[in-house]
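When you get a sec, could you build the whole thing from the sequences and use the hints?
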Amino acid sequence: MAVSSTFSGAKLERLLINSCSSPSASSLRACSLSHQQMKAFSKPNRGRKALAQRTGGVRCEVAQSDAINEGEKMDLSKASALSALEQLKTSAADRYTKERSSIVVIGLSVHTAPVEMREKLAIPEAEWPRAIAELCGLNHIEEAAVLSTCNRMEIYVVALSQHRGVKEVTEWMSKTSGIPVSEICEHRFLLYNKDATQHIFEVSAGLDSLVLGEGQILAQVKQVVKVGQGVVGFGRNISGLFKHAITVGKRVRTETNIAAGAVSVSSAAVELALMKLPESSHATARMLVIGAGKMGKLVIKHLVAKGWTKMVVVNRSEEKVAAIREEMQGVEIIYRPLTDMLACSAEADVVFTSTASETPLFLKEHVKDLPPVSSEVGSLRLFVDISVPRNVGSCVSDVEGARLYNVDDLKEVVAANKEDRLRKAMEAQAIIAEESKQFEAWRDSLETVPTIKKLRAYAERIRVAELEKCLSKMGEDIPKKTRRAVDDLSRGIVNKLLHGPMQHLRCDGSDDRTLSETLENMHALNRMFGLESDISLFEQKIRAKVEQSQK
110 MAVSSTFSGA KLERLLINSC SSPSASSLRA CSLSHQQMKA FSKPNRGRKA LAQRTGGVRC
170 EVAQSDAINE GEKMDLSKAS ALSALEQLKT SAADRYTKER SSIVVIGLSV HTAPVEMREK
230 LAIPEAEWPR AIAELCGLNH IEEAAVLSTC NRMEIYVVAL SQHRGVKEVT EWMSKTSGIP
290 VSEICEHRFL LYNKDATQHI FEVSAGLDSL VLGEGQILAQ VKQVVKVGQG VVGFGRNISG
350 LFKHAITVGK RVRTETNIAA GAVSVSSAAV ELALMKLPES SHATARMLVI GAGKMGKLVI
410 KHLVAKGWTK MVVVNRSEEK VAAIREEMQG VEIIYRPLTD MLACSAEADV VFTSTASETP
470 LFLKEHVKDL PPVSSEVGSL RLFVDISVPR NVGSCVSDVE GARLYNVDDL KEVVAANKED
530 RLRKAMEAQA IIAEESKQFE AWRDSLETVP TIKKLRAYAE RIRVAELEKC LSKMGEDIPK
590 KTRRAVDDLS RGIVNKLLHG PMQHLRCDGS DDRTLSETLE NMHALNRMFG LESDISLFEQ
650 KIRAKVEQSQ K
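Using the numbering used here, read the sequence shown as starting at 110 and increasing by one per residue.
In short, the hints are calculated from the structure, not lab data. All C-beta atoms in this analysis are idealised placements derived from N, C-alpha and C, irrespective of residue type, glycine included.
Straight-line Cα separation of at most 20 angstroms, EDC-like style, residue types lysine to aspartate or glutamate; simulated pairs: (1) Lys385 <-> Asp517; (2) Lys359 <-> Glu544; (3) Lys403 <-> Glu436.
Simulated restraints on C-beta separations: (4) Pro233 <-> Val603: 45 to 53 angstroms; (5) Thr468 <-> Met535: 44 to 52 angstroms; (6) Glu435 <-> Glu225: 23 to 31 angstroms; (7) Glu575 <-> Leu555: 28 to 36 angstroms; (8) Thr418 <-> Val290: 48 to 56 angstroms; (9) Glu225 <-> Thr393: 44 to 52 angstroms.
Encoded structure:
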C-alpha cells in the first residue's frame, strides 16, 4: 500500500514524518524493516534527524555509525529509508483511516483548575471564530468548538488522531494563554467519543454546574451554536453534538424540573419570602434590601428573576448600589443611606438584611414602633436575615405583626431542595443515556456519506465515458438537441439504477436494526465496486488539511 506520488505536500510530509521518530542516532544505523525497530518510530525523538524531500516521496535519514564508510552509509540509508517509508506510509494510512475520527474534549473547569488559570485560558465570545479557525489549522484537527464561561474552558474537536490531536490542542492552549504545557496537563481533563458526548450533555443539563440544574449554562451552549453558524471549522459532527446537547438540556429541565427549588442562601431567602406572602401580593409587595455587598446583590438578582422591577436598597455608600443599578437595566433600584434604615423599613413589607455589622441592626424596640402592614400581604412584616453575625435580634420574633427568619431556617430549605435536585439528577442521567445512544447512532449513520458520494462519482465516470464513446460514433455534426437528449437519457438511466442502492445507504440513525443493515450495505457496496481504499481516504483527509491551510 503506497501513497500516491502525485500528492506530497508539506503538510503530508509532516503528518508522515511526525510518526517517524528515531531513538539515539548513535545506537541506530538506519530505519529497519523489522517489527522491533519499526516500533522505534513511535518513540520520542532523542537523536538528530534530517528531513529531505526527494522525487517520489519523503526521506527519513538517521546519522550512521562512524564504523561505516561514506559510500556504504549512503547505500544503506537509501535502501532502508525507502523500505521503511513504505511501511510508514501504510502505518499512517491505517492509523488515519481504519480508526474513525474521534470527538475529543480538552477542558479545565471549576472542578479541576483555579480561577487564575481559567482567566488566562478564557476566550471571549468574539474570538471564538478565530479560535476555531486556528484549531482546525492544526494537522490532526478537522472540526472544533469553544465553550468558554466563568466556570469552564472546554475545547471540543474532531481529531484524526486522539494522541496527536490532544497534543496539538494543548500546545495551542499553552501558546495562547502563556501557561506552560505541563501546568495545563496537570489541571486538564480529557474525554473521548461517548464520554465526551455524555459530558457536554451533562453540562447542558446543568449537572456539571456548581449549582445543580442552573439554567445559564444552557444559554451559553446555545450561544456556541449561534456563533459557530457559518464558521468553516464548526462542522457537521461538532455542530450536531452541540445542537443535540441543547435538546438534552431542554428535555432534562422540562421532564425533571431540576431547576426548581432554591439551592443557595440568597435564592432560598427570596423563595421563602414568596412562600410566606399571599400569592395575590407577589406583584405589589414592597421589598427592602439592607446591604449591597455580595449577598445583597444576589438577593436583588433573585428578586428581579422572580419578576420584581422596583425595590429600595439601603447601604452605607451609593457606589455599590449604582453599580448594581447599571448592571440591571430596566429595574428601579432606589438608594437610601443607612441613616434612613428605619424609615425605609416602615414602608416595606419584606426586609432582607445582609450586612457585615457585628451588632444587630434591628431589636424589639426598633420594630414594635413600625406601622403595621396591610392585610393584602398577610398583616405580617417579614424579616429575612441572611447575615452572620445576625443583623436582626431574635427578640424581634416577639413583636406582634413581625415574623423573623434567619440563616438556619434557610438552610433547611436549601438542604431539602438539594436533596430533591439530586433525585432529579438521577432521572436526568437516564435521559442523557438515551439521548447519547441516539447521537452515537446518528454519527454512525454519517459513515455512509462518503460511500454515497463515491458511488455517485463512480457511476458518473462510467456515464461520461460511455456517453463520449456514443457521441463520437454518431459523428461531429449531430444536433445539440440530440446531444442533450442522449445526455439526459444517460443521466436518467444512472439515476434509476442508483435509486435502490442509495435508499439502502440512508438512515436517520434512530433505529439500531436499520443502522446495522445500512452499514452492512455500505461495506458490501464498497467491496463490490471497489469504492473505498484506505489510501484514498487517507489522501482525502490530508489533502483537505493542506487545502485548508493554503486558504
